[in-house]
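Position one of the sequence shown corresponds to residue 19 (my numbering), numbered consecutively onward.
Please note that a few of the clues may not be correct.
[To be verified] Computed list of lysine to any residue pairs in SDA-like fashion (alpha-carbon distance at most 20 Å, straight line): (1) Lys-274 / Ala-289; (2) Lys-248 / Val-258; (3) Lys-254 / Ala-303; (4) Lys-254 / Ala-304.
[To be verified] Using C-beta positions, here's what the derived DEER-type ranges look like: (5) Glu-76 / Gly-167: 40 to 50 Å; (6) Thr-238 / Gly-278: 42 to 52 Å; (7) Val-87 / Pro-241: 31 to 41 Å; (8) Ala-153 / Leu-337: 24 to 34 Å; (9) Ala-303 / Ala-165: 29 to 39 Å.
It should be emphasised that the hints constitute simulated quantities derived from the structure, not laboratory data. Quick caveat, the model's predicted, so the values are computed rather than measured. Using N, Cα and C, we set each Cβ at its ideal position, and we do this for glycine too.
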Amino acid sequence: MVQPIEPSVAILAVWVVLYIYSMAGSIDFGASFWAMVYGNQQTQAGKIANRFLSPTWEVTNTILVLLVVMSVGFFPRAAYMLGNVLIVPVSVILLLITIRSSFMVFAYYVEGYQRLLQAVSGITALFIPALLISALPVTQGGFVQRADGRELLLFDKLVTSPSVYLYILFGLTSELFLAALFLADYSRESGDEEAYAAYRKHAIVFGPITLLVAVFTLYTLEPEAFWLLKRLQEFKVWYVWSILAFLIGYLALWWKTPGGKVGRPRVAVIAVAIQYAIATFAYGAAHLPYIIYPYLTVNEAFTQINTFYSLLKVFAMGLAILLPGFIIFWRLFMKDKRYLQGERRP
Numbered sequence: 019m020v021q022p023i024e025p026s027v028a029i030l031a032v033w034v035v036l037y038i039y040s041m042a043g044s045i046d047f048g049a050s051f052w053a054m055v056y057g058n059q060q061t062q063a064g065k066i067a068n069r070f071l072s073p074t075w076e077v078t079n080t081i082l083v084l085l086v087v088m089s090v091g092f093f094p095r096a097a098y099m100l101g102n103v104l105i106v107p108v109s110v111i112l113l114l115i116t117i118r119s120s121f122m123v124f125a126y127y128v129e130g131y132q133r134l135l136q137a138v139s140g141i142t143a144l145f146i147p148a149l150l151i152s153a154l155p156v157t158q159g160g161f162v163q164r165a166d167g168r169e170l171l172l173f174d175k176l177v178t179s180p181s182v183y184l185y186i187l188f189g190l191t192s193e194l195f196l197a198a199l200f201l202a203d204y205s206r207e208s209g210d211e212e213a214y215a216a217y218r219k220h221a222i223v224f225g226p227i228t229l230l231v232a233v234f235t236l237y238t239l240e241p242e243a244f245w246l247l248k249r250l251q252e253f254k255v256w257y258v259w260s261i262l263a264f265l266i267g268y269l270a271l272w273w274k275t276p277g278g279k280v281g282r283p284r285v286a287v288i289a290v291a292i293q294y295a296i297a298t299f300a301y302g303a304a305h306l307p308y309i310i311y312p313y314l315t316v317n318e319a320f321t322q323i324n325t326f327y328s329l330l331k332v333f334a335m336g337l338a339i340l341l342p343g344f345i346i347f348w349r350l351f352m353k354d355k356r357y358l359q360g361e362r363r364p
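Using the sequences and the hints, build the whole thing.
Following this line, the structure appears as C-alpha cells:
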C-alpha cells in the first residue's frame, strides 16, 4: 500500500523548524549564561553577549511559537499525547522561559539590580535547553506506559535514568559550545579580539566534550530504546559526515586569516551548523515512523488532509511576511558595523 506523502512533508517541516530553534535557542540561552559569567569582569565579552541578546531573544521566542503551532496543527494527536505525558516538564520550561524573558526586560531598565537580574536570566537560560532535550528519551520508549487507554509517564524511572541525565548534559554542553562559537564569530565581526579570544577558548574546550557526551548518550540508551540504536546504525555514513564537518569547524579555530589573525570563526560556525544539521536529520530519520515509541506513528498522529493544506497555505503566507523581516533584522543587528561596535545611531 502506497503511503500518503503529506505526513512526511509535515514531519519534515516540523523537524526543520525544530532544528532552527535548537540552534537559535542554544545560542540565545548560552549567550545569556556567558553574559552572566562576564557581566562583572573588566572585559568586553559580557557587553558583546548582551549586545547580541538585546534584539535576538524575542526572535527566538517567535520561532518557538511557530514550532508549537506547527506541531499542534499538523500532528494534533501527538501534541495531545505529549502534552499529557510531559505536562510537568513543559510547565517548568514555560515558567523558566517566562522568568528569563521578564528578567531580561527588567535588566535593561533597572540599573540598581541589573547584575542580579542578569544572573537570574543566565541561570534559567542554562537549564531551559537541558529540560527541552529531556523530552527526546521519553519519545524513544521505556518511559511511557499505556493504562486504561491513557498514556502515563513513568516519572520515577525518568528521574533515575542515566540516559536522561546524559541527554541533559548533552543539552548543556551543546548550549555552551554553540553560544561560545557564535559569540567568537560575533566578537570578530565586532572587531573585539579580546572578547574573541575568550569565547574561542570556551569553544575549544566545549567542542570535544559535546561530541564525547553525544556518543556516550547514544550508547547508554534504555533497553527499550535499542530499536533506535539499531536504526541509527543504518545512518552510519551520515554520522561520519557529521564528525568530518565538526573536525573542519573545530580546526578552523586555528586557521590563520590573510591578516595573520588566529582562527576563522565564521567557517567554524557554518561547519558546526552543518554538523548539527546532518546529525539531527539522521536522528529524525532513524526515529521514523514513530513519534512516541511504540504507541504513536507519524501517520496515526497526522491531521486531516484538508486541514493540512489549509495550514500549509497559512504557514507559507506567514513565512512570506516574516522572511523579509528576518533579513532586515540580520542586516541591522548582525551585520551593521555601528551596532556591532556599540555605536548609537544618530
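Hint check for Gly-278 and Thr-238 - Cβ pair distance inside 42 to 52 Å: Holds, since Thr-238 and Gly-278 (Cβ atoms, about 44 Å apart) stay within the stated range.
Holds or violated: Lys-254 to Ala-304, with C-alpha atoms at most 20 Å apart: Roughly 11 Å between the alpha carbons, so the hint for Lys-254 and Ala-304 holds.
Restraint status (C-alpha distance of Lys-248 to Val-258 at most 20 Å): 16 Å, holds
Restraint status (C-alpha distance of Lys-274 to Ala-289 at most 20 Å): Cα-Cα ~16 Å, so holds.
Verdict for Val-87, Pro-241 (Cβ pair) under range 31 to 41 Å: 36 Å, holds
Holds or violated: Lys-254 to Ala-303, with C-alpha atoms at most 20 Å apart: 12 Å, holds
Status of the given 29 to 39 Å range, CB of Ala-165 versus CB of Ala-303: 31 Å, holds
Gly-167 and Glu-76 - C-beta distance against the hinted 40 to 50 Å: 41 Å, holds
Consistency of beta-carbon spacing, Leu-337 to Ala-153, with hint 24 to 34 Å: This hint holds: roughly 25 Å between Cβ atoms.
Hint compliance for this structure: every hint is met.
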